[in-house]
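Undergrad: Residue numbers (numbering that gives the first Met the number 0), protein chains in the order written: chain A, 0 to 971; chain B, 0 to 87; chain C, 0 to 198; chain D, 0 to 436.
I should point out that these hints are in silico values taken from the structure, not numbers from a laboratory. Please note: incorrect hints may appear among the correct ones.
[As the list claims (entries may be wrong)] Cβ pair distances, simulated, as ranges:
{"no.": "1", "chain 1": "A", "residue 1": "A13", "chain 2": "D", "residue 2": "E165", "range": "52 to 62 angstroms"}
{"no.": "2", "chain 1": "C", "residue 1": "G143", "chain 2": "A", "residue 2": "R468", "range": "47 to 57 angstroms"}
{"no.": "3", "chain 1": "A", "residue 1": "G326", "chain 2": "D", "residue 2": "D85", "range": "33 to 43 angstroms"}
{"no.": "4", "chain 1": "A", "residue 1": "T86", "chain 2": "D", "residue 2": "A32", "range": "54 to 64 angstroms"}
{"no.": "5", "chain 1": "A", "residue 1": "P425", "chain 2": "D", "residue 2": "P290", "range": "24 to 34 angstroms"}
[What the hints assert, rightly or not] Residues from chain A that face chain B, not an exhaustive set, calculated with beta carbons under 8 angstroms:
{"no.": "6", "residue": "D677"}
{"no.": "7", "residue": "H713"}
{"no.": "8", "residue": "V717"}
{"no.": "9", "residue": "N839"}
{"no.": "10", "residue": "E935"}
[Stated by the list, open to error] Restricting the straight-line Cα-Cα distance to at most 30 angstroms, the calculated cross-link-like pairs of lysine-lysine (DSS-like) are:
{"no.": "11", "chain 1": "D", "residue 1": "K307", "chain 2": "D", "residue 2": "K286"}
{"no.": "12", "chain 1": "D", "residue 1": "K117", "chain 2": "A", "residue 2": "K902"}
{"no.": "13", "chain 1": "A", "residue 1": "K367", "chain 2": "D", "residue 2": "K427"}
{"no.": "14", "chain 1": "D", "residue 1": "K286", "chain 2": "A", "residue 2": "K120"}
{"no.": "15", "chain 1": "A", "residue 1": "K120", "chain 2": "D", "residue 2": "K117"}
{"no.": "16", "chain 1": "D", "residue 1": "K49", "chain 2": "A", "residue 2": "K898"}
{"no.": "17", "chain 1": "A", "residue 1": "K120", "chain 2": "D", "residue 2": "K427"}
{"no.": "18", "chain 1": "D", "residue 1": "K286", "chain 2": "A", "residue 2": "K367"}
{"no.": "19", "chain 1": "D", "residue 1": "K286", "chain 2": "A", "residue 2": "K902"}
From the three backbone atoms N, C-alpha and C, an ideal C-beta is built for every residue, glycine too.
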Amino acid sequence: MTFRFDGRTYNGFAGDTLASALLANGVRLFGRSFKYHRPRGVLTAGSEEPNALVELGDGAWREPNTRATVTELFEGLSARSQNRWPTLGVDLGAVNGLLAPFIAAGFYYKTFMWPAAFWEKVYEPLIRHAAGLGRASEHADPDDYEKAHAFCDVLVVGGGPAGLAAALAAGRSGARVLLCDEDFRFGGRLNGDRCQIDDGPGGLWAEQAEAELRALPNVQLLGRTTVFGVYDGQTYGALERVTDHLGAVPGLPRQRLWKIVARRTVLAAGAIERSIAFGGNDRPGVMMASAVRTYVNRFGVAPGRTGVVFTCNDNGWSTAFDLAEAGLASPTIVDARTAPARHLLERAAALGVRVILGAQVVDTAGAKALRSVTVALGDGHATTLPADLLAVAGGWNPTLALSNHLGARPVWRSDLEAFAPGPLPPGMTAAGAANGAFTLAAALRGGAAAGAEAACACGHKVVAHDAPRADDEPSASSALWHVAASRAKAFIDFQHDVTVDDIVLAEREGYRSVEHLKRYTTLGMATDQGKMANVAGLAIMAALTDRSIPEVGVTTARPPYTPVAIGAFGGPHRGPAFRPTRLTASHDWARAQGAVFVETGLWLRPQWYARPGETDWLQSVCREVTAVRSAVGVCDVSTLGKIDVQGPDAAAFLDRVYINTFSALPVGKARYGVMLRDDGIVFDDGTTARLGPEHFVMTTTTANAARVMQHLEHARQVSWPDLDVQLASITEQWAQYAVAGPRARQLLEAMLDDAIALSDEAFPYLACGEFAWRGMTVRLFRVSFSGELAYELAVPARHGRAVLQALMQAGAPMGVTPYGTEALAVLRIEKGHVAGPELNGTTTAADLGLGRMMARKKDFIGRTLAGRPGLVDPARPALVGLTAVNPAARLRSGAHLLKTGEKPSLEADQGYLTSVAYSPTLERWLALALVAGGRERMGERLTAHDPLRGPDIEVEICSPVFVDPEGARLHA
Amino acid sequence: MRIPCPFCGDRDVSEFAYLGDAGVVRPFPDAADAGERVFESVYLRDNPRGRHAELWYHASGCRGWLRVDRDTATHEVASAVLTRAPSL
Amino acid sequence: MPELDTTPRSAFDGLLPLAGPHDGLEVIDRDGCGLATLVVRRDARKALRAALISQYGVELRDGPVVSRGARISLIGTGADSWLAVSAGPNAGLYADLAARLAGCASLSDQSDGYGLLGVRGANAATVLQRLLPIDLHPDAFPVGAAAATLAAHIPLLLWRSGEAEFEVAVFRSYAGSFIHALDGAARPFRRSAAPTARG
Amino acid sequence: MGWRPRILAKISEGRQPIFNGMRYSAFSLAREALRGHRGWTPAWRDAQPKARYDVVVIGGGGHGLATAYYLAKTYGLTDVAVLEKDWIGSGNAGRNTTIIRSNYLLPGNLPFYELSMKLWEGLERDLNYNAMISQRGVLNLYHSDAQRDAFARRGNAMRMHGVDAELLDAAAVRRMLPFLDFDAARFPIQGGLLQPRGGTARHDAVVWGYARAASALGVDIVQNCEVVGMIRVGGRIVGVETTRGPIRASKVAISVAGNSSRVGGMAGLRLPIESHVLQAFVTEAVKPVIPGVVTFGAGHFYISQSDKGGLVFGGDLDGYNSYAQRGNLPTVEDVCEGAMALMPRIGRVRILRSWGGVVDMSMDGSPIIDRTPLDGLYLNAGWCYGGFKATPAAGACLAHLVACDEPHPLARAYRLDRFATGHTIDEKGMGPQPNLH
Ligand SMILES: Cc1cc2nc3c(=O)[nH]c(=O)nc-3n(C[C@H](O)[C@H](O)[C@H](O)COP(=O)(O)OP(=O)(O)OC[C@H]3O[C@@H](n4cnc5c(N)ncnc54)[C@H](O)[C@@H]3O)c2cc1C
Ligand SMILES: NC(=O)c1ccc[n+]([C@@H]2O[C@H](COP(=O)([O-])OP(=O)(O)OC[C@H]3O[C@@H](n4cnc5c(N)ncnc54)[C@H](O)[C@@H]3O)[C@@H](O)[C@H]2O)c1
Ligand SMILES: Cc1cc2nc3c(=O)[nH]c(=O)nc-3n(C[C@H](O)[C@H](O)[C@H](O)COP(=O)(O)O)c2cc1C
Ligand SMILES: [Zn+2]
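Construct the entire structure; sequences and hints are all you get.
TA: Right, dumping it as structure tokens:
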């Protein structure tokens with residue numbers, strides 16, 4: 000496979016990572032560190048990698064901060080180093096290294112304060128440009144992301160020996176098992192270590208285990224899938240990289256976000272090898288000992304020719320043995336301990352490995368790659384060893400993050416010199432290295448036991464199986480955090496360049512709490528979240544403050560375990576699919592008529608219907624309004640919420656939720672109702688019709704439909720469960736059209752033939768009825784929002800479009816015109832009807848001039864608190880109408896009102912314009928406004944003050960009913 | 000977080016709407032101290048750390064109002080019952 | 000008045016079939032079935048049960064399950080509510096139910112309120128599981144099970160009518176968005192071309 | 000209006016802290032750099048609690064520390080202790096998204112938050128601590144005419160109080176942030192309300208800066224000292240019980256954010272407050288992407304970029320009472336869906352860490368700074384998800400209340416009894432339902 004890095008083309012193999020392929024090509028330098036721009040290579044072979052971060056992909060596909068160690072190679076992969084200028088080799092940012100003494104931890108808190116204006120103009124832009132690692136793409140992410148749900152009995156996190164054993168034990172019992180591993184190959188350390196299981200290579204056993212699991216119908220394996228978070232209710236977040244390793248595949252998403260609900264979980268996430276803080280421990284060529292083994296054994300890559308292993312435990316020795324057995328120049332072991340086990344020494348001797356005991360690496364040398372290491376010998380002398388590879392084995396930390404996501408803290412195990420799981424999240428058990436079982440045999444045993452136990456807990460019978468055989472390899476260890484004799488910079492947090500000195504400084508300045516330490520030095524805040532750094536940092540702070548490591552404590556582990564792309568969390572919900580779109584039955588028709596749509600909640604509603612030749616929206620809207628006032632218009636009002644309220648107690652129920660009385664409403668009549676919240680503020684309004692003695696149909700505003708339903712169900716189920724009343728949302732069943740204007744009756748008569756008598760006597764204002772027409776059930780309400788003779792015609796939604804067309808056809812001779820929400824708004828403002836801007840959650844019924852609707856003889860929701868002094872204060876803003884004194888002046892809602900001549904201030908504020916419309920009927924702009932004590936101020940002149948948008952305008956307070964205040968048109 | 004709806008079974012929290020303290024009962028009709036009690040029921044709700052009886056609405060499920068016993072420190076749900084017993 | 004084109008329109012008009020073909024997935028518009036919400040009145044459950052048996056031969060079950068009859072099935076949607084679904088096209092379902100169950104249940108016609116889909120095939124459960132936050136494993140959601148839930152922010156009713164057969168009822172206004180979501184979930188099962196490079 | 004300059008002058012005049020000769024400056028930094036930073040001393044004294052104080056402030060968040068600082072600086076009260084149950088800044092002060100702004104609507108709020116903004120503007124020199132106060136602008140997007148008008152109403156109110164505000168149309172927003180989704184959006188961007196003086200401040204540094212300055216003025220900062228009870232004599236609070244023993248005080252001020260109900264409960268108070276989780280997110284560091292703060296009106300999403308390069312963002316509350324200090328997955332998805340709907344260019348930027356804080360949601364979404372029915376006990380609470388920006392003013396006003404026994408003129412509306420009297424300050428109009436504010 001060919002791939003590119005920093006413009007050069009290389010070859011690699013399938014099954015490589017970007018890191019292994021580059022190492023194989025002799026590349027050592029991968030990137031620059033965050034602060035000092037130190038040259039950095041590859042430190043690990045896993046997702047804990049802090050150094051080898053690259054920009055992957057080009058253009059819209061550019062992805063910053065990608066860990067080369069887990070990036071599976073694919074044909075055509077293209078990557079660049081980052082945080083360097085002009086090139087990786089020659090990086091001017093490296094001068095920061097020279098400035099290091101001046102830019103120690105927290106330096107910015109102490110300077111850049113003067114002069115004040117320089118912060119935003121000079122200092123901060125400099126800092127911001129210097130900071131950051133990679134560059135985000137400038138274009139929209141072109142890939143698809145998917146979300147998926149999964150449910151299982153047993154979730155196994157990690158497919159190393161422990162996880163495979165757990166999955167086998169649970170899977171063989173018949174439990175529904177889901178096994179996730181973030182690697183693209185199952186096996187965990189078995190892929191990187193030379194070991195034997197059942198007399199064969201560990202890797203072979205892993206392959207067989209995987210094959211058996213794949214054959215079980217009740218087991219699902221998800222490779223390339225990181226379980227990144229533990230959430231409440233035994234819900235786990237996992238990210239599957241579906242095609243990251245393939246390039247774009249039509250039909251397949253780039254990544255898939257899994258939401259997994261598991262009855263039991265086995266945490267078999269392994270352990271992470273830790274570094275040792277010594278001078279120059281960050282130089283390219285310094286690598287974790289286990290990573291060296293992985294590169295050698297799994298990828299067949301020699302990460303160096305002359306190797307030194309610096310260790311304080313038995314496990315590190317195996318790296319030297321593997322290097323030797325792989326035929327590389329004989330490595331040297333530097334063990335800080337003085338007396339390691341005999342058999343290690345014997346094996347080293349057999350392999351010709353040089354051993355230096357009781358010694359520590361104090362420094363390294365080399366410009367962009369390691370050249371030599373300096374070792375302080377037990378006798379006080381030092382020696383320099385040539386080396387292009389230094390393998391560091393500082394011991395192991397169980398991979399605990401997931402066990403702490405719900406807030407639990409790990410416990411310190413002094414036998415391991417490491418934190419092990421504390422109380423685990425509900426349903427979780429830990430196994431293998433994650434549980435502090437650091438040998439292969441223990442991992443297999445622990446995994447099988449945990450898997451069996453989890454399956455059992457889910458009610459499955461566990462069948463006994465022969466446990467795989469393996470030896471408990473030597474794993475003795477001692478703690479070595481910091482080489483005290485080092486004079487050069489010793490890094491704790493590689494990416495953030497936090498050194499031992501920074502921790503000393505933080506301690507000196509009182510940032511001793513582990514969280515202060517973190518926040519002051521940024522220790523553990525890099526992209527690896529301290530996987531490599533935290534415990535060492537704590538250990539050093541513990542030593543400085545004479546506390547034990549557990550006394551210092553740990554910082555909080557937070558999701559995600561490894562960073563997750565925002566796009567993956569967003570899934571398909573972006574662009575037009577961000578939220579569902581609700582369309583009415585006649586949407587297509589409206590679109591064909593030139594409708595411009597507006598979002599109302601999730602609905603799209605025609606805002607106006609642009610006709611050819613109309614140059615702006617106002618023309619269209621004025622035409623529509625005029626048509627309604629002079630002839631007849633039709634408006635789709637299907638989006639209003641509609642609720643069937645039925646049952647013997649339906650009327651009593653409505654009396655409690657509305658401020659006015661519905662029990663006295665005769666069958667065949669409708670009434671306008673207002674409901675309050677508990678706190679006495681207006682909640683919603685609408686007309687409710689009585690279709691039968693026990694059957695009402697309530698309408699709600701479009702925006703509040705769902706909330707009203709919830710409110711009513713609360714009243715029914717929580718407040719008054721004894722009432723015999725039933726609710727059903729019928730919003731979607733009925734397409735509903737307002738037919739408004741002096742010719743509305745004429746139109747309906749023409750269309751409905753003799754299906755219903757529509758004379759004012761037979762069907763007066765606020766009448767309602769249900770009848771059959773052309774084989775469908777039709778409901779008709781004589782209600783009006785426009786002040787015109789008006790009806791609302793409801794038909795089953797499948798007929799909506801046809802009926803709307805029928806209305807148009809029948810109305811053509813009368814000049815029927817479809818109108819949208821904008822004309823609807825103009826019509827209602829001309830009539831002083833309140834809507835959303837007035838029902839803004841802070842107004843009372845009295846504020847809106849609806850106070851007299853409040854029945855005195857019954858209780859209803861909100862009544863008590865509506866009586867609080869602050870809500871009955873006569874100085875409260877009240878609804879009024881406004882006109883501009885100069886009829887040509889344009890009003891805007893959101894303008895405030897001032898007494899004419901007063902200087903603008905909050906104290907002088909008299910109120911504001913809630914709704915504004917240009918009235919073609921009156922040929923001027925009109926407004927509704929909430930004005931302090933407004934009803935007593937008719938005729939007063941005020942100034943509409945709108946500094947954001949224009950000059951002050953003189954206005955006059957008037958009645959909010961501008962058109963036909965007597966209601967003659969309504970009752971025509 | 001998951002809530003065991005007595006009708007629907009275990010469901011993700013995203014299907015539910017939260018109202019809060021279930022301990023408060025709206026006084027109805029006018030008791031002597033109704034004003035005070037309504038005020039308390041609307042504004043002074045329990046806010047303990049630990050077990051909490053609260054009202055949830057299964058908005059995207061069965062539309063049932065539930066009385067849920069939940070721990071506000073651990074988010075563990077001990078029980079959930081319908082506030083209105085199903086009609087007989 | 001002149002003749003009108005009063006052709007009723009399905010909620011899924013113009014939205015089906017999905018861009019396919021898919022392996023093991025078929026989506027069918029079941030337009031025309033009568034649908035009605037049925038809410039039992041206080042203290043009337045016994046009477047309702049009796050009426051349903053005598054009138055329709057359906058044994059009413061409680062819980063989120065399907066009570067299946069020859070002419071109608073009742074889908075449990077809430078503690079006191081069901082969605083009645085006719086076995087085949089039936090415009091008169093609501094009127095019929097309202098007449099026969101008067102007094103023991105409140106009924107609302109929903110024949111136009113929901114669009115009804117059949118989702119069939121060997122991959123039906125897998126595709127739906129991508130979208131649905133409930134467990135569709137046959138042990139957890141066997142034939143006859145029902146649920147009201149949310150998929151891709153869209154409320155829906157779902158029930159299993161066979162091993163590899165599901166019925167989905169979505170509010171009419173959401174039909175387009177639901178089909179879009181379903182199409183997205185089904186895309187990996189579309190018979191499609193080979194990988195190409197990114198970039 | 001005559002009183003406003005007086006109060007401001009008083010807050011900023013006061014006494015100057017003396018930092019043991021270790022004033023922070025480029026010069027002292029250079030000097031220390033040359034001698035291995037060996038001369039620095041602790042930023043604040045980690046004090047042992049005394050048996051009594053004039054004033055005990057419960058809660059070592061930004062508000063509590065600022066209160067102590069202004070008590071000492073402006074009102075000359077230095078026998079003051081701040082009691083913190085964990086480490087200072089361990090509550091919301093240490094986990095908020097750092098936005099500061101004064102783009103409020105209602106007269107009860109707007110002057111108060113503008114006071115805070117003014118105090119921010121002089122804070123770093125006042126405290127001799129660089130809290131990276133950065134006024135890169137706060138832009139609230141609108142997507143409908145109704146939202147535009149609501150923002151216009153707000154912006155006009157701001158202007159009437161002398162606060163900067165601009166109403167941008169879609170074209171102006173596009174010039175500023177060309178990479179937002181303007182073309183395929185479900186809820187198209189029509190414009191935005193911009194407060195150019197809004198921005199961010201480094202949250203932890205605010206805590207440390209106040210602690211250092213308060214400590215230099217003689218305030219005792221006592222960490223790992225949890226208040227577990229109130230010492231009460233009749234109708235008067237005379238001290239607190241703590242995990243480090245009883246501490247007497249003439250006056251006790253509660254400033255514990257998400258724990259207000261619990262600490263208030265120790266004095267028998269029932270407060271109109273619920274504790275809710277608010278989550279926040281930070282991505283891996285990237286080179287500069289966005290200049291200021293952007294809030295997405297049609298989704299639950301707002302974002303800024305830290306000086307380090309991380310995109311810092313958040314959204315809605317999780318929606319239910321909680322003290323768990325961690326969030327749930329549905330909200331994570333909801334927020335990120337908003338992110339992708341608004342800024343699809345950040346799809347490949349990875350979230351590094353997500354966390355939750357416990358915020359004190361009041362029943363009207365506005366705070367309470369008031370005396371309590373118990374003599375000697377003062378309350379600062381109900382800051383919801385927006386109290387970080389209030390830190391200087393809340394500290395100044397609480398200090399005023401405690402020192403003078405009367406409300407600060409700009410915090411007069413924040414009364415505890417406003418719910419009973421119906422004088423709530425409800426910016427969003429959502430009523431007594433905290434999770435909707
Ligand atoms: C995720 C998130 C994002 C936010 N974003 C913003 C934002 O962008 N802008 C904004 O203005 N606001 C924001 N806020 C809100 C803001 O953080 C808070 O309103 C503000 O910090 C509260 O004041 P504080 O700093 O004093 O609180 P805290 O820092 O919470 O201080 C209270 C302190 O009291 C201590 N305490 C509690 N109980 C006791 C006891 N019994 N004894 C002793 N000590 C006790 C706590 O340990 C804590 O340290 C956000 C909040 C969160 C959670
Ligand atoms: N001798 C020693 O000192 C020593 C110490 C530690 C480990 N070990 C060796 O390590 C092995 C331990 O076995 P094991 O199975 O416990 O661990 P393992 O490291 O072999 O496997 C862990 C697996 O979990 C995966 N993983 C981790 N976090 C994940 C997540 N969040 N989501 C998905 N996958 C995740 C990893 O990719 C890995 O494949 C043994 O072979 C043992 O010999 C030895
Ligand atoms: C503005 C800001 C920037 C942050 N940047 C980082 C960061 O770069 N790396 C990191 O690990 N955490 C970062 N965090 C998150 C903190 O690590 C921490 O999660 C948060 O303050 C809450 O604390 P907690 O998680 O300990 O509860 C940042 C937080 C904020 C508010
Ligand atoms: Zn339910």
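Undergrad: None of the hints should be skipped; say for each whether it holds.
TA: For each hint, the structure was consulted:
Distance hint check: the CB atoms of A/A13 and D/E165 are about 56 angstroms apart, consistent with the given range 52 to 62 angstroms. The hinted range of 47 to 57 angstroms is satisfied by C/G143 and A/R468, whose Cβ atoms lie roughly 48 angstroms apart. Distance hint check for A/G326 and D/D85: the Cβ-Cβ separation is about 55 angstroms, which falls outside the suggested range of 33 to 43 angstroms. About 29 angstroms separates the C-beta atoms of A/T86 and D/A32, a value inconsistent with the hinted range of 54 to 64 angstroms.
The given range of 24 to 34 angstroms is broken by A/P425 and D/P290, whose C-beta atoms sit roughly 44 angstroms from each other. Nearest Cβ of chain B to the Cβ of A/D677: about 5 angstroms, under the 8 angstroms cut. The hint holds. Evaluation of the A/H713 hint against chain B yields a held restraint, the C-beta minimum of about 6 angstroms falling below 8 angstroms. Checking A/V717 against chain B by beta carbon gives a least distance of about 5 angstroms; that is within 8 angstroms, so the hint holds.
Annotation: interface hint on A/N839 violated; nearest CB of chain B at approximately 19 angstroms, more than 8 angstroms. Of the supplied interface hints, the one on A/E935 is violated, with its beta-carbon coming no nearer than about 28 angstroms to a beta-carbon of chain B, more than 8 angstroms. Distance check on the hinted pair: D/K307 and D/K286 sit about 9 angstroms apart at the alpha-carbon level, within 30 angstroms; holds. Annotation: proposed proximity of D/K117 to A/K902 holds, straight-line Cα distance about 22 angstroms (limit 30 angstroms).
At roughly 58 angstroms between alpha-carbon atoms, A/K367 and D/K427 are farther apart than 30 angstroms, so this suggested pair is violated. With a C-alpha separation of about 17 angstroms, the suggested pairing of D/K286 with A/K120 holds against the 30 angstroms cut-off. With a CA separation close to 19 angstroms, the supplied pair A/K120 and D/K117 stays within the 30 angstroms bound. Pair hint D/K49 plus A/K898 does not hold up; C-alpha atoms about 57 angstroms apart against a cutoff of 30 angstroms.
Among the hinted pairs, A/K120 with D/K427 is inconsistent with the structure: their alpha-carbon atoms are about 35 angstroms apart, more than 30 angstroms. At most 30 angstroms may separate the alpha-carbon atoms for a hinted pair to count; D/K286 and A/K367 meet this at roughly 24 angstroms. Pair hint D/K286 plus A/K902 does not hold up; C-alpha atoms about 46 angstroms apart against a cutoff of 30 angstroms.
Hint check: violations occur at hints 3, 4, 5, 9, 10, 13, 16, 17 and 19; the rest are consistent with the structure.
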